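Quick mapping for you: the protein sequence lines, in order, are chains A and B.
Just so you know, the first sequence maps onto residues 1 to 421 in our numbering.
Just so you know, the second sequence maps onto residues 1 to 383 in our numbering.
Everything labelled a hint here was simulated from the structure, so no lab data went into it.
Treat the numbers as computed from the prediction; the structure is a model and nothing was measured.
Please note that the accuracy of each hint is not assured.
Far from chain B, by Cβ distances over 10 Å, these chain A residues were calculated [what the hints assert, rightly or not]:
id	residue
1	A169
2	D183
3	M282
4	S396
A few chain B positions that, by computed beta-carbon distances, are all more than 12 Å from chain A [said to hold, decoys possible]:
id	residue
5	P63
6	G72
7	L85
8	S167
9	L223
10	T232
11	G256
12	N258
13	T267
14	P301
15	T315
16	T338
17	L347
Just some of the chain A residues that point at chain B, by a computed CB distance under 10 Å [stated by the list, open to error]:
id	residue
18	G256
19	D385
20	P402
21	Q403
C-beta atoms are modelled at their ideal positions from N, C-alpha and C, and glycine is treated no differently.
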Amino acid sequence: MMTGTPRNSRRLAAATLVAVSALALTACGGSGFSEAGEGSGDQTEATDAPLTVLIGSSGTAETDAVTEAVSSWSGESGIDATVNVASDLPQQLSQGFASGNPADVFYVSADSFAGYAANGSLEPYAEDLPGKDDFYPALREAFTYEDTLYCAPKDFSTLALVINDELWAAAGLTEADIPTTWDELAETAATLTKGDTAGLAFSPEFQRVGAFAAAAGGGLVTDGEATANSPENVEALSYVQKLLNDGSASYSSDLGAGWGGEAFGKGQAAMVIEGNWIAGAMSADYPDVEYTVAELPEGPAGKGTLQFTNCWGIAADSDNVEGARQLVEQLTSVDSQLAFSKAFGVMPSVQSAADQWSEQYPDLAPFIAGGDYAQNVPAQPGAVDVIAELNAQLESLKTADPQQLLDGVQPDLEAVIADAQ
Amino acid sequence: MARSIPSPPGGGTARRRTTRGRQGLTGWLFISPVVVILGLFLVVPVLMAAWVSVSDWTGRGSPVGGSVSFVGGQNYTAILDGDGLASRDFGTSIRNNLYYVLLVVPLQTGLSMFLAVLVNRQVLRGRGFFRTAFYFPSVTSSVAITVLWLFLFSSTGVVNRVLSFISVSGPNWFQDPRGVIHVILAAVGIRTAPEALTAPGFLGVSGWEWLAGPSVAMSAFILMAIFTTSGTFMLLFIAALQNISGEVQEAAMVDGANGWQRFWQVTLPMLRPTLFTVLTLGLIGSWQVFDQIYTGTQGGPAKTTLTPAYLSFSTAFNNQRWGEGAAIAFILFAIIVTLTLLQRLALRERDVPRRRRMVPVTASSTGARTASSSALPVKEPKP
Chain A
1 MMTGTPRNSR
11 RLAAATLVAV
21 SALALTACGG
31 SGFSEAGEGS
41 GDQTEATDAP
51 LTVLIGSSGT
61 AETDAVTEAV
71 SSWSGESGID
81 ATVNVASDLP
91 QQLSQGFASG
101 NPADVFYVSA
111 DSFAGYAANG
121 SLEPYAEDLP
131 GKDDFYPALR
141 EAFTYEDTLY
151 CAPKDFSTLA
161 LVINDELWAA
171 AGLTEADIPT
181 TWDELAETAA
191 TLTKGDTAGL
201 AFSPEFQRVG
211 AFAAAAGGGL
221 VTDGEATANS
231 PENVEALSYV
241 QKLLNDGSAS
251 YSSDLGAGWG
261 GEAFGKGQAA
271 MVIEGNWIAG
281 AMSADYPDVE
291 YTVAELPEGP
301 AGKGTLQFTN
311 CWGIAADSDN
321 VEGARQLVEQ
331 LTSVDSQLAF
341 SKAFGVMPSV
351 QSAADQWSEQ
361 YPDLAPFIAG
371 GDYAQNVPAQ
381 PGAVDVIAEL
391 NAQLESLKTA
401 DPQQLLDGVQ
411 PDLEAVIADA
421 Q
Chain B
1 MARSIPSPPG
11 GGTARRRTTR
21 GRQGLTGWLF
31 ISPVVVILGL
41 FLVVPVLMAA
51 WVSVSDWTGR
61 GSPVGGSVSF
71 VGGQNYTAIL
81 DGDGLASRDF
91 GTSIRNNLYY
101 VLLVVPLQTG
111 LSMFLAVLVN
121 RQVLRGRGFF
131 RTAFYFPSVT
141 SSVAITVLWL
151 FLFSSTGVVN
161 RVLSFISVSG
171 PNWFQDPRGV
181 IHVILAAVGI
191 RTAPEALTAP
201 GFLGVSGWEW
211 LAGPSVAMSA
221 FILMAIFTTS
231 GTFMLLFIAA
241 LQNISGEVQE
251 AAMVDGANGW
261 QRFWQVTLPM
271 LRPTLFTVLT
281 LGLIGSWQVF
291 DQIYTGTQGG
301 PAKTTLTPAY
311 LSFSTAFNNQ
321 RWGEGAAIAF
331 ILFAIIVTLT
341 LLQRLALRER
351 DVPRRRRMVP
361 VTASSTGART
371 ASSSALPVKE
381 PKP
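So that you can see chain B by itself, here it is in the shape it has in the complex (with noise of 0.2 Å):
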């Protein structure tokens, strides 16, 4: 910036540096306040962390203090080794949360484009309504929506009455263990496991646990998931689909493309930026899943929605086994840092030359923009 301001007249080399210097100091004293509460608050700790899962610290003082030794990756071990408890507890927690992602990440993302496209509708009435409406959940403390849950998903509550009436007997939500794929197999008289998956496998759970599914429990975790964090995302793509010029939409219109068309061939493409991001959020956001189950479940029924969020916070302050603890975090760092990675070189744009992405009006179509956009039959907001 310092070198696009023209230097004031008379003003030599010298005179240019001493500015430079004093904004250099400017500079750091304003960014201090942020560099003294991140490290206070964010690189302090981790490091504490990280050092505490590589230590034997038993939770009483300081973890840095005196009687605390490094023991290398015995606490890595304990939860890795696939062998005994502390291992198994973490592999039904991976496996709960891996369905949960699975669930979640596609039909939020999936369900927030749709409101969005929705809501985004010049012709419907009411948008500001309904805009707030699905909005509505996410500005909602999450703790409260949990209790709400459990009163809705109750045996007897609101969720199975409505089934009631379809005929439909609904299970027992919050306390029903069986996983979903095992009920489907159960529907279709598979019931035990066969013999080649009872074998304790990856992390001490077996392949037929591994296939288990969400719970029934877990199942309305989802469901709640969904509900709360699609407004949120919503909210990006209308964002998105705002960015998007009439005119885009106009030429595949000529071009003969039907709705369904541009959506796929025009709009979507030029969503991918947004997609990313809301994918990302959401894959980050439900790996980390933790105050409904705190507030909800606790892990119950039969360990189905332990999350290794939760596991953490339990090992390290329930059982004073902190050390474990604090590496399950680092565990669910490493898994949510790879599968982003992973995301971000899947929706990576392979066709699209780099300089012209999202750039989608070029200079010589504006001229013809403003022609064209007095001619689109939209509705002008009115002073």
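Isolated chain A (complex conformation) (with noise of 0.2 Å):
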């Protein structure tokens, strides 16, 4: 049986090939998910590591503008930076974040924060920036996890009444018919519901008919506390509610449109519910069609608007911290948010911006000033599938009893509140 110990020995060197090769190839496979936080937060020398943006864009004017302002920068500091436009962003960022070789700094949405935040994927950067006060108090809480601001807000958006001039003059109203009360808001609606057109639109989701709820007093967590079925949230929904069975207000999606903004353009609507976003869709696709803006009527508890935002994170495991909280600084000056604005309609996030820009855009004014009142959309870890699932109620608010589905959203908050806590 001598014969064997070759053939034996052979299998082996062959297993031992498959195997080693299948290790080596596991092995690189496996140097994706390096091991995290290498220490790199620590750093204090901006080093000429490059540097990669990643941004949710919305067009090319948001692209372009962003590139700009990056490479112009770069020139200046001598570190490359190149900009990326993600497809998908938040499933983007968490595949960076996961491979230990995230973009360094990138746009993060409010309401995907705090779980970026808590796993620790973020650099809390931005307690030493020296602008941090001039930023909107409201937008630095946005921002805040376990009482550290960790990024710089990038811009904001509220909401206002967007009303079209030529079916408004076709129905015989002036500018003193603007409403400023919810009766005269109900009203108006009703003159300027005719035919095919609903007086006024919003999408159906609580980021539109959360700003009743803000404008009753209410929302969904007042002082840490979940509150989603308080009296005021109930009174609210009762007057969308009323509003949407008198036919004088229909959803977006009722109209066969994708969000207010389409319904609006298309002349499906008279009056809209929309962020100042709208400004740049209604230029790029409806030119046509003039607008004013007015800030949404003041409710039983006065003034009352959501506002939503997003910040300019850097990852925790960036190789260059310190040169990209350089380019943050850069590029949340009152210059480049100014900048931005032109480019593609956003508000600054800074205070000192805010005349400027009034000045700038007398037409959006009532946007900016809704930043003085603005609430923001809870953004705790969780909260996102909470009003996920209030969403998904609201849809059939028409036919549902308002007190009976924010009772059914109340307990998910409160299970959301008390983990945060």
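Make the complex out of the two chains shown on their own, each in a separate frame, by following the hints.
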């Protein structure tokens, strides 16, 4: 049986070869998962390691503006920086954090912020920013996790009432008729409703309907407590329900539009509740539609609106945190933010730019006025799911009982708030 | 194989063993790329996902690193305990997908078999054209078809326009969260849930919601799935039909069976293996529906097009709950395996002796076959 030995050794060799190559390849694949927290956050000096910037862009205008701002900074600082546009930002960010090789600077939306801050993916750089106190307090609050301001608000948007001038005039209304209270809003919406045109439209989601809750003095979270089924919120939903059932208001989806702006541009709605991003969409898609922007009418508790914001996140795993911080400082400066406003219609996140902005865009001033009283949409980890559940319920608000609807969401929200504390 | 090769003259046992050893080595070498690729892209990721589903990994750095700890079945209980939002979402997604499967699988199987029988008929002119036409949706990317569908089924889209010709005002398809069964019940006057069905039931979803049926939005996806996949399965059925020899049909004709009887008594039983394949592939594919949802509705309206596959993705990537996302994927895997096994059990051939299965032509009839086939009135392809 001497021959057995070479055969066995060959087989052994072959098996080893397979195993080794398998291991080698697995190791290559595995190296994507580098160990977290390499301590790069401790560096204080900017290195010349190149930076990548990942943005979720609304279109070429935004991409070009950001690319230009980043490359001009790059020229000054000598640090290479490239801008990439994400097709699915949350997914690409998550993938980057998991692989330990994320983009250095990126957009973070308020609703995904808490999750990334909680798992340590974000570098809490913003506490030391020189201009930190210039950001609107509500925006700082949106990006504060465990009493630390993690990232600098990039810009923000608020909701306002957008009115179609032509339909307004056709209904015999004048500037004096712009509604300032809920009663007037109901009246005007009824006047403007004609045939296929709804007087008022908004998307079936808390991100729009919540503005009524804010004006009623409600909100999903009040002083750290879940208050989804508060009497104020019930009052707001009952009011919205009445508008919907009277036929003077419609959900944009019921009009066959993807969002309020589309319904407005197509003339399916005479008034919509939308954010300042509508200005960009109108000039790009419906340049012929003339419109007026007004602050949302006062509810029982005065003015109220919602705001939405993003921040410039820096990855804790970045090789060049200090360089990234300098880039963000540049991008959040008054000049850069005004340039971004000009390019794609956002509102600067710093208070010192507000006056200049209102001067440049007098027609859109109601949006920035909203910044003084706007509420944040709750963004505790898990709150996104609760709001998604609420939105699912809101689609059938017409036939639902507002109290019951909100009671259904309250326990879920309580669970999220309890987890966050 | 090695055994059947005659050993070369003069070769002894030793020589033969060496040859076999060399062949073994060669064999290993040849399969090593596949082993490596399967290991790298299948076994390792699956094992890692299994680990993530029982860990508290938060999505940063390696899931096998030091700071990640074992949490047992916690992620699975969060999904299955029927208490809380995560579980209700999972229940809703199972409800949606269940109706999707119940409608898509039988309809696409039936339709594809029907199409296969049609285009397999010798008398049909332009068979090639129809075959290509029916198969076409299958080769188009599902993303493109989804976008097409969004346009066709928009509130002012082609479908509703056509419906308006027959005085039906179509629903706003992809925005309509009403369950089809609820719509039917509403038509006979039942608009609210009976008291018994309002309490949270299995997986936290009330009985009334379980009975909602697919939403109008989901129905549009169901139509799309049937439209796109029946072409693929039609090909499988055509291949199987062409394997059934003409004289079996002929024998049935001699026995006096009409066309209808021949289909049910002869053709269909002989298609059983293919039927099993089609049903299994359909079942697996329709439990994994993801790309239509991702490009089309993201689970809306009102979560009625949420499917477990999409929920797994969004739980992990958008909400940073990686453990729960992985757990959903494994539960989905278990569902698919269980259902496939059940289906295998149900389609088992009971009455036919095992050895005679799939042998339509026995050795003794081969002689008759040559004789009779020349007499068949089938057009022979011209050389």
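Against the structure, the hints come out as follows:
1. A169: holds (26 Å)
2. D183: holds (30 Å)
3. M282: holds (21 Å)
4. S396: violated (7 Å)
5. P63: P63/B is in fact no farther than 12 Å from some Cβ atom of chain A, at 7 Å.
6. G72: holds (19 Å)
7. L85: Violated, because the least Cβ-Cβ distance between L85/B and chain A comes to about 5 Å, which does not exceed 12 Å.
8. S167: holds (18 Å)
9. L223: Its Cβ never comes within 12 Å of chain A, the nearest being 19 Å, so this holds.
10. T232: holds (28 Å)
11. G256: Correct as stated: the minimum Cβ-Cβ distance to chain A is 58 Å, above 12 Å.
12. N258: Nearest chain A Cβ is 51 Å from N258/B, so the label holds.
13. T267: holds (46 Å)
14. P301: violated (6 Å)
15. T315: violated (9 Å)
16. T338: Holds, since 28 Å exceeds 12 Å.
17. L347: Label holds. Min Cβ-Cβ 38 Å, cutoff 12 Å.
18. G256: At 3 Å from the nearest chain B Cβ, G256/A passes the 10 Å test, so the hint holds.
19. D385: holds (5 Å)
20. P402: For P402/A, the interface hint is violated, since the closest Cβ of chain B sits about 16 Å away, which is over 10 Å.
21. Q403: Check failed: Cβ of Q403/A comes no nearer than 15 Å to chain B, outside 10 Å.
When the structure is compared with the earlier hints, violations turn up for hints 4, 5, 7, 14, 15, 20, 21 and for no others.
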